[in-house]
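Chains as they are written, first to last, in numbering that gives the first Met the number 0: chain E, 0 to 260; chain X, 0 to 260; chain B, 0 to 260; chain L, 0 to 260.
Careful, some of the hints might be misleading.
The list cannot tell twin chains apart, which means a pair is met if one copy fits it or any two copies do.
Lysine-lysine pairs mimicking DSBU-like chemistry, simulated, CA-CA at most 30 Å apart [claimed, not checked]:
(1) Lys77 to Lys133
(2) Lys94 to Lys60
(3) Lys77 to Lys239
(4) Lys94 to Lys239
(5) Lys178 to Lys253
(6) Lys222 to Lys110
(7) Lys30 to Lys255
(8) Lys183 to Lys222
(9) Lys222 to Lys133
(10) Lys258 to Lys77
(11) Lys222 to Lys255
(12) Lys258 to Lys30
(13) Lys222 to Lys77
(14) Lys110 to Lys183
Read the hints as simulated data drawn from the structure, not as lab findings.
Remember, predicted model here, so these are calculated numbers, not experimental data.
Residues per chain, in single letters:
Protein chains: 4
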Amino acid sequence: MRTFTLLAMGLCLAGLPALAQPRSAGAPDPKLIEDVVVANRVLADLGVVDGFGHVSVRHDKDPNRYLMSRSMAPALVKAEDILEYDLDSTAVDAKGRALFLERFIHGEIYKARPDVKAIVHSHSPSVIPFGVSKTRLQPIYHMSSFMGVDVPVFEIRDVAGPASDLLVRDGPLGVALAKALADKTVVLMRGHGSVTVGTSIPQVVFRAYYAEMNARLQSEAIKLGAVTYLTAEETAASAKTNDALVMRPWELWKRKVTKPE
Amino acid sequence: MRTFTLLAMGLCLAGLPALAQPRSAGAPDPKLIEDVVVANRVLADLGVVDGFGHVSVRHDKDPNRYLMSRSMAPALVKAEDILEYDLDSTAVDAKGRALFLERFIHGEIYKARPDVKAIVHSHSPSVIPFGVSKTRLQPIYHMSSFMGVDVPVFEIRDVAGPASDLLVRDGPLGVALAKALADKTVVLMRGHGSVTVGTSIPQVVFRAYYAEMNARLQSEAIKLGAVTYLTAEETAASAKTNDALVMRPWELWKRKVTKPE
Amino acid sequence: MRTFTLLAMGLCLAGLPALAQPRSAGAPDPKLIEDVVVANRVLADLGVVDGFGHVSVRHDKDPNRYLMSRSMAPALVKAEDILEYDLDSTAVDAKGRALFLERFIHGEIYKARPDVKAIVHSHSPSVIPFGVSKTRLQPIYHMSSFMGVDVPVFEIRDVAGPASDLLVRDGPLGVALAKALADKTVVLMRGHGSVTVGTSIPQVVFRAYYAEMNARLQSEAIKLGAVTYLTAEETAASAKTNDALVMRPWELWKRKVTKPE
Amino acid sequence: MRTFTLLAMGLCLAGLPALAQPRSAGAPDPKLIEDVVVANRVLADLGVVDGFGHVSVRHDKDPNRYLMSRSMAPALVKAEDILEYDLDSTAVDAKGRALFLERFIHGEIYKARPDVKAIVHSHSPSVIPFGVSKTRLQPIYHMSSFMGVDVPVFEIRDVAGPASDLLVRDGPLGVALAKALADKTVVLMRGHGSVTVGTSIPQVVFRAYYAEMNARLQSEAIKLGAVTYLTAEETAASAKTNDALVMRPWELWKRKVTKPE
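With the rest of the complex left out, here is chain E (with noise of 0.2 Å):
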């Protein structure tokens, strides 16, 4: 009897796409849940998101399902905030409460990408400049050996016209952006921001944080003159050795955040 109705619930909503509510991957593993608020903290309190940003990870039972909070300001997340979401970024359960207008930038970035399990968006300051110049983002050290030598920039004018807001407000702009995004970690988008990706949260949130801090130093550095920046195969050769690595930022700035104020 349910289950016909549930049925029946399907073959009706299939055709109402937009209203369908997914179904759940089940609760996922609670640490996986309290990695994602820490993140939202630590990011908050290194600067790399302000009122706006977020943070995603990919669900450990079902890797067509994703995890982030709802549309609020990343310092004030809590667990209960966390919602699930399918990868066309429809919420399973949004309760009525408000959904970020770009979490299709999470959705379509896990569709193109298997590898990726945590995603960040954010405004981070030094980064914006690099999105709207002709200079390219790149390592000045070991640090942001991440990023590649080659940091895309995704200019949303080319897909959604000259008169956009900037945002990546729905599937088909989250496709164009995981193509500029395509095989790298990070990608800026002219006036407005940038995304990085990992595959995990502590690593994501390194990632966010030294392509940061990469930018406000070579911003620096280009001044003082003509620059060496490291190669592709120093970058490949440092970035396996961080990967190892990121465990030691990462329970400091945990540590930050958590402590009983």
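With chain E fixed as given, assemble chains X, B and L onto it according to the hints.
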């Protein structure tokens, strides 16, 4: 009897405009007082104001009145420091307390711009250099789209002559400043600071903060080479989107300055 | 008997000026001690001083005495650390405590400038670059109008030769510095720092802070192109206005460093 | 019996240098442990180190041993995290804890420089740009006179080839770095960071901090035009003076990180 006396006083005071104490429009919504107090502390916390600068809100019971603190550092403002002013910037009841020399900024803009409900005047640091150079402040990302593509600069020397103290210290200077602002949201003041206007306290604080951020980021971007600014169409679309989002950072900023210490 | 002994000692010490312990002018107004202690902590809180730098005030009972801490980090200064000095910068009663090597900055300026009641010496960071380049520090906004249009630079190499340690470590170097300061409010010291003078503790702290702010903002403005500086007439008018407002930031700054932790 | 066994073990281990556990030089002065713990927290508080970077001190009982934490974020270091190493950078008793990959920086410099008693390795931000450009780091004020007029840059590519991960991860690379440092106090590492050496913990922390400050200020000064740097004679005289003053900021910094929270 009492009515007669008041009328007689009114007639008498009509000949003494500088001494005339305007009538109160009555108690404003307590929420408005709370918001303007919080705004003072938020702006200080964000570094938009230091010991100087002020924020006002138009009275909800009478468009010919506005609310602003007595002359004091914004970070220290409490509800009892908020005074009511008419649009000539005369306090309804100053009780002997010192008033801001530049309150005419507020009164004259409220006269000239019926759409404006809240105003911030500050010396926010990154904006200052744009007021003294030929480089125009322009939106480099969506957060500052409210500025539009043309931010005017008010040169007080053109109005007050070569020996002013740079302050908007009377009505005619306020009128000139309001004229320079025209229908925009921000006006820079050469050798002094800037004024930001909005339709609510959360919106004007958002604007004052992101005007400062834009100045800081634009300054960095210019050093990297030619900059792609937002187009007029993009600023229009983006500003509309952002107007619906101003409560998100406001809740965060408010939380920071109101949590028990 | 006692008088005779003291007189004999006085005669004896007259021949040993370096060892002579000057007489005290008596206890200063406790308010003055409190202000100089607060000024030390405020200047540290504002980043004008770090582990180095000092602030003094002329004694209210005797213009030939001044008050300043023993040699220590400003942020740690308490009332019991304040010593009395004569204008040769000999401590009235050092009680074996170490003195600042550069106390002669204070004594010699108090000698040369009867109008000066308070002095700050610091290495405030943004000012340093202006002391080592040909670009002159100039007021770009009204807050720094006290500087006037010409901020002198003291080149110690001209007086101490090519192998000095850059410190104003004796009376003659203090005399040379006071001569470079002339009738101004600020003098930069090449490869070292700066000195700011004023007529009160709140005013000199205001000046030390806004000299630093001006340097930071002027440096940014120069990168944007030709800068419109305040004219001599504007600085004069504005400085007069600001002198009446120094208590506003002072109350704020004082509150920050004296609130219970 | 026991002596015999230890001797036998010694002979045995002589053939297995990588696995040999060196003998302890005995318990160091507890003050030294405290100082190196405080130095870790001070360097983090000053922004010289973040999640990465390390500080060591030569053992007071044996010049062939040094003390440094296990691999962890400096801000979290406690006395129990401090390990003893021989100059080949083998831990006396690691107890299974992870060691810094770059501990060879310390061991090889202690070998090459008997005068050095304390070493800091960091990625302090303002110094990075000077390691990747042709502009040399030079003292622009007396606080950084310890650097002398020539700060060398270590290009690891010359030693490790084009595909290194930029880390000084073995003895030979440590030897090459020590050779680049020569008899100086600071050496920059291209695309990586810097190393500062000194004769005590307070002095090396002072140097690491003011090398960072100098880089920041020199970068600003260069933008203002031709810079007057300290001469060799001035750096020599000033460094001697400053060496007697390092306890002043140390007491301040120590207070900040050790006060009850």
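Evaluation of the provided hints:
Taking the shortest alpha-carbon separations for Lys77 and Lys133, neither the intra-copy value of 39 Å nor the inter-copy value of 47 Å comes in at or below 30 Å. Taking the closest pair of Cα atoms, Lys94 and Lys60 come within 30 Å of each other only inside a single copy of the chain (22 Å); across copies the shortest separation is 37 Å, beyond that limit. With identical chains, the CA atoms of Lys77 and Lys239 are at most 30 Å apart between copies only, with a shortest distance of 29 Å across copies and 33 Å within one. With identical chains, the CA atoms of Lys94 and Lys239 are at most 30 Å apart between copies only, with a shortest distance of 26 Å across copies and 42 Å within one.
Proximity of Lys178 to Lys253 under the C-alpha cut-off of 30 Å is found in neither arrangement, the shortest distances being 33 Å within a copy and 39 Å between copies. Proximity of Lys222 and Lys110 under a CA criterion of 30 Å is satisfied in neither setting, with 40 Å inside one chain copy and 37 Å between copies. Proximity of Lys30 to Lys255 under the C-alpha cut-off of 30 Å is found in both arrangements, the shortest distances being 18 Å within a copy and 27 Å between copies. With identical chains, the CA atoms of Lys183 and Lys222 are at most 30 Å apart both within one copy (27 Å) and between copies (26 Å).
With identical chains, the CA atoms of Lys222 and Lys133 are at most 30 Å apart both within one copy (15 Å) and between copies (11 Å). Within a single copy, Lys258 and Lys77 get their C-alpha atoms as close as 15 Å, and across copies as close as 17 Å, so both meet the 30 Å cut-off. For the identical chains of this complex, Lys222 and Lys255 are neighbours neither inside a copy (34 Å) nor across copies (34 Å), given an alpha-carbon limit of 30 Å. Within a single copy, Lys258 and Lys30 get their C-alpha atoms as close as 18 Å, and across copies as close as 28 Å, so both meet the 30 Å cut-off.
Taking identical chains as interchangeable, the C-alpha atoms of Lys222 and Lys77 are never at most 30 Å apart, the minima being 42 Å within one chain and 40 Å between chains. With identical chains, the CA atoms of Lys110 and Lys183 are at most 30 Å apart within one copy only, with a shortest distance of 15 Å there and 43 Å across copies.
Checked against the numbered hints listed earlier, the structure breaks hints 1, 5, 6, 11 and 13; every other hint is satisfied.
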